[in-house]
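In my numbering, each residue carries its 1-based index in the sequence shown increased by 1087.
Note that these hints are calculated values from the structure, not bench results. Careful, some of the hints might be misleading.
With beta-carbon atoms standing in for the labels, derived distance ranges [what the hints assert, rightly or not]: (1) A1178 / H1295: 35 to 45 Å; (2) T1110 / V1239: 39 to 49 Å; (3) S1270 / A1178: 24 to 34 Å; (4) S1105 / N1224: 18 to 28 Å; (5) A1179 / D1144: 26 to 36 Å; (6) G1285 / I1210: 41 to 51 Å; (7) A1092 / I1238: 27 to 37 Å; (8) T1187 / A1220: 37 to 47 Å; (9) S1289 / S1197: 48 to 58 Å; (10) I1238 / S1294: 47 to 57 Å; (11) P1272 / I1313: 45 to 55 Å; (12) S1289 / I1210: 17 to 27 Å; (13) S1294 / V1239: 46 to 56 Å.
The model shown is predicted, which means the values in this text are computed figures rather than measured ones. Think of the CB as a built atom: it goes at the ideal place given N, C-alpha and C, for glycine as much as any other residue.
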Amino acid sequence: MGFSALSTLFCNPPGYASFTNTTIGVGPFTSYWHFGDGGASTLLSPTHSYTSPGNYDVSLRVTDGHGCTDSIFFPSYITVNNLIAGFTSVAAACINTPVTFNNTSTTHISSQWDFGDGGTTTIEAPVYAYATAGTYNVRLIIFDGTCYDTIVHPITIQHPTGSFAISPLHPCSPPQVLTFTASVPSGSTVTWSSLVYGTLGSGTTLSHLFSPISIMGNPVGVIDSITMIITNSLGCK
C-alpha cells in the first residue's frame, strides 16, 4: 500500500494537498486518513487544506475487501512555509535625497530589489536616491531557499518646478520698484534673491525697491540676476 501527494511543499497557507491512494489488492477499500493537523478523511483520494504554516505527518490506514488492514506513515510529509515579503519606506521624497527601505519580511536568505527606475540591489535594507521626479513601483522579491514571495509599493519622487514674471520687464536705472510674480505648485513657499542686492524677501508676489549703486560717487546701471527658490510641502527645493 502507499500514497502520494501532487505537491508536498507550499510557500504560504492555505496549502491544498491532493492525495492519491496507491494501494493495490482486493477491493473495495476502506480508507482512513490523518493529515497531521487534526484533520481526517475516509475518502479514497482526498484533498486537504492546510491553513497554518508547519510540518505535518500524514498517515493512511486501509482495509481491503477481505477485512485485512494495513497502514503507512510519512513523517513531516507536508510542509507549509510562511514566507511573506514586506517593506516600509516613505510614500514621497525629493530627488537626489536618500530614501531608506526597511525590509520587514519574514525569515528569508536573500532579497532582490527593483526600484522602478532601472536601479536594483541585493542589499537587505537599502538606501536609494532617485535622480528624476516621478512615481515609481518598488518591488521586493525574497527567497528562503525554496520559496519566493514578492511585494510592490509605489513611491513618488518630487521636484518642484515653476516660473516667474518681472514687471516692468525692461526697468530703467535704479531707483526702480520691480514686482516679481511666481507661478508655482499649490502649497509651495517662495523666496527671492538678487545676485547684486542679496536677499529680497519671500512670497509668491514681491515688490522690491532697487536702490542705485554708486562707483566713485557716480550712480551706475546694473546688470542683475534674480533667483526664485521654490520649497514644496515636502521640503523639496
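Here is how each hint holds up against the structure:
Separated by about 38 Å at the C-beta atoms, A1178 and H1295 satisfy the suggested range of 35 to 45 Å. At about 46 Å, the beta-carbon gap between T1110 and V1239 stays in the expected band of 39 to 49 Å. For the pair S1270 and A1178, the supplied restraint of 24 to 34 Å holds, since their beta-carbon distance comes to about 26 Å. Between S1105 and N1224 the Cβ separation comes to about 35 Å, which falls outside the hinted range of 18 to 28 Å.
Remark: the range hint 26 to 36 Å for A1179 to D1144 is contradicted by a beta-carbon distance near 50 Å. Between G1285 and I1210 the beta carbons are some 44 Å apart, a value that agrees with the proposed interval 41 to 51 Å. In this structure, A1092 and I1238 meet the distance hint of 27 to 37 Å, their C-beta atoms being roughly 29 Å apart. Against the hinted window of 37 to 47 Å, the Cβ-Cβ separation of T1187 and A1220 comes to about 19 Å, which falls outside the hint.
Remark: the range hint 48 to 58 Å for S1289 to S1197 is upheld by a beta-carbon distance near 50 Å. Our hint of 47 to 57 Å for I1238 and S1294 holds, since their Cβ atoms are close to 52 Å apart. P1272 and I1313 have their C-beta atoms about 20 Å apart, which leaves the hinted 45 to 55 Å range violated. In this structure the supplied range 17 to 27 Å is violated for S1289 paired with I1210, their Cβ-Cβ distance being about 41 Å.
Our hint of 46 to 56 Å for S1294 and V1239 holds, since their Cβ atoms are close to 49 Å apart.
Hint violations for this structure: numbers 4, 5, 8, 11 and 12, all remaining hints satisfied.
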